[in-house]
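**Q** Sequence:
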Amino acid sequence: MAMAFERWADRIAATDDEQSRRELLAELGAWRAARLTDIPALRDAAFAMSRIYALMGSHQDAVREARALLSLCHTVPPASEEEIDQV
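For any residue, its number in the working numbering is found by taking its place in the sequence shown, counting from 1, and adding 26.
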């Protein structure tokens, strides 16, 4: 089974302009909102959103999501070795 990091990475790689990245951000936001009690899903979303923001040149937003990811990696359940290796 593919990690969500990998699934989102494929989707991010398929975006080639700001509009498609904004659409993917909106989709990710809705996906994350539907999984607020699922810590691994929140990690996946933070990782993907940080990458998209970085591609869009929005450094502050990318850093905010990266910090959220770091915090979520210390939240129960702890991040697996596989999750950490993907980041």
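Since the hints were derived computationally from the structure, they do not count as laboratory data. Hints may contain errors.
[Said to hold, decoys possible] Label pairs and their in silico Cβ distance ranges: (1) R48 with E107: 27 to 35 Å; (2) A40 with S84: 30 to 38 Å; (3) A67 with D87: 29 to 37 Å; (4) I65 with D42: 30 to 38 Å; (5) L62 with S106: 26 to 34 Å; (6) T63 with R93: 27 to 35 Å; (7) A60 with E108: 32 to 40 Å; (8) Q112 with L62: 27 to 35 Å; (9) E107 with R37: 34 to 42 Å; (10) A60 with S97: 29 to 37 Å.
We put the CB at the ideal spot given by N, CA and C, even for glycine.
**Q** State for each hint whether it applies.
**A** Consistency of the hints with the structure:
no.	hint	verdict
1	R48 with E107: 27 to 35 Å	holds (33 Å)
2	A40 with S84: 30 to 38 Å	violated (19 Å)
3	A67 with D87: 29 to 37 Å	violated (20 Å)
4	I65 with D42: 30 to 38 Å	holds (32 Å)
5	L62 with S106: 26 to 34 Å	violated (20 Å)
6	T63 with R93: 27 to 35 Å	violated (21 Å)
7	A60 with E108: 32 to 40 Å	violated (23 Å)
8	Q112 with L62: 27 to 35 Å	violated (22 Å)
9	E107 with R37: 34 to 42 Å	violated (24 Å)
10	A60 with S97: 29 to 37 Å	violated (20 Å)
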